[in-house]
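Asks: Here is how the chains run, residue by residue.
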Amino acid sequence: MIPSSCSHAPIGAGIGLRLPHLAEIVATPSVVFSTKSSKRSWLEIHPENFLANPHATELLLEARRDFPVSVHTVGVSIGSAGGIDRGHLRRLRSLIDRVDPFLVSGHLAWSTHESEFLNDLLPLPFDEEALHLVAAHIDEVQDALGRPYLIENPSSYVGFAGSTMTEVEFLSELVARTGCRLLCDVSNIYLSAHNMGYDARQYLDQLPAGAIGEFHLGGFTPEEDEAQEIVLVDTHAAAIAQPAWDLYAYAVERIGLRPTLIEWDNDIPELATLVAQAARADEIVSNVFAQRHQLLEVGLAAVG
Amino acid sequence: MPQLAETQREFRRAIVEHDTAAIVSELVGGRDPKTRLAIHQRNYEKSLVNALLTKFPATHWLVGSACLTEAARRFIKIRPPRAPCIAEYGEDFPAFLATTPVAQRVPYMNWLAELEWHVGKVAISIAFPALTLGDLTALDPSKLSQAMLTFQPGVHYLKTPWPVDQLLELYVTEAAPEQFQLAPADICLQIRGARGEYQFRHMTPVEFEFRKSLQRGRTVGDAAEMALDIDAVFDPGQAFTCLMTEGLVTAIA
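The listed protein sequences correspond, in order, to chains F and L.
Letter by letter, the first sequence follows residues 122 to 425 of the numbering used here.
Letter by letter, the second sequence follows residues 752 to 1004 of the numbering used here.
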């Protein structure tokens, strides 16, 4: 039986733990503690970076003594028509059992075709066949890992003409069919809305708020494509852009407080930069709740 | 065949082989979905080429960026990763390099890459507590010849026809001279490492074969016999003692 909720989830913003920062975090955990609040920070890992690296795993388990950790898989390939790699799931389970993360998540995407791993998060058509397959795979993954598995909304550059439902309808139906929860990547919503031409706030409004267990924020890179259009590419190689921060504030207001992760995977900066981005996320949350509190007080005063 | 499987087959063909003919009519996005598809093509190529260049930095230094990048591009097309751990990708890249035109001019290139692969593997290992000679007192001496040994995970053995460890040393110490003469010479290396460190030890061919066969699971008796066939004056007792005193063995069964 998979537990339906995650306990011991931290409240503040965390950072993606990448190998170049691992030794520093183990040696000086205080560099990641927020200086502006008493909230303890947390770390998220890509388990695929650790499965074949015993030394890194050893250091991760040391870091785990100081920080809550969540596990964000990048190689499960939940949408592969050819099925899930059960050997990979066994390796994940083994690591997850040692790390004891407060969340485990992955992407609404596919990466594996037959025996080839294409090292990218590739898009799915949103139709009944894909929905049936992904729902069955989520059940399989949750059973294999013995934990709830959160599904992240994708960053999109193309869609499928044959899709019979929207991305939000697809995600909502997955929640309804499997009981899974969602990882709401706010930057992905902004990026995909720009690239695919829909309204980001409307997308957020339609997501099942109660199912959302985590937020992600990552940097993207604007590129002009051969058709002279500006496409936002999900590079995770830059600071969070202002429109994504704005959308995050809207998401917190609309959905509420959730563990929020700062992702930075390429051109990785110094740890202090990531910590500053996490502090900014915390600040936005504080502002949203301060405003809400203020409105409440004004309302109570009017009633009184 | 279900439609999704066929769609993914064609998508894969577009990403890896750049054959977009079948998939592009299924796609929407932007003015021209084909240009959007190119983002996924670039993601695939860039991420894997970068992974290979990062994994073989000394080979990169030796032959230059253009040369190794081109080899990596060709490699990822014909041998995409087989598993989601990209850290495990590239084991057969050195053998592939041997088949490239550059290998005609730089015949030691693939051997340097091979050595780098082993160094990369041992450096991310961890060392376990080693058995000592004292631990062997519990073992029935008459059973020693039938015993099999478990080595530290961060111990690899490599025989190469070029002394490429010298090249790696030049790269690591950034001490490349104006000219450097590398002459072919068979070398037998023990590459040992753990937790970010590594070291080489040159071995005699017989000592190399003795250790390598033990590591591969042959019994002490079989390994000794094999070594004595190579060199009749080989001393298995002394070689075994060295293994133990160097802390290479973690279990005997």
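One thing to keep in mind: the hints can contain errors.
Stated by the list, open to error - Output of the computed footprint for chain L on chain F, the stretches with three or more beta carbons under 8 Å from beta carbons of chain L:
#1 163 to 177
#2 203 to 217
#3 281 to 287
To be verified - Just a sample of chain L residues kept apart from chain F, beta carbon distances all over 12 Å, derived:
#4 Arg764
#5 Asp783
#6 Ala817
#7 Cys836
#8 Ala838
#9 Pro858
#10 Lys894
#11 Leu940
#12 Asp973
#13 Gly988
Calculated from the structure, these hints are not laboratory results.
Note that this is a predicted model, so its numbers are computed, not measured.
No residue lacks a Cβ here, since even glycine has one placed at the ideal position from N, Cα and C.
Asks: Which hint numbers doesn't this structure obey?
Replies: Violated hints (numbers, rising): 4, 5, 7, 8; every other hint is consistent with the structure.
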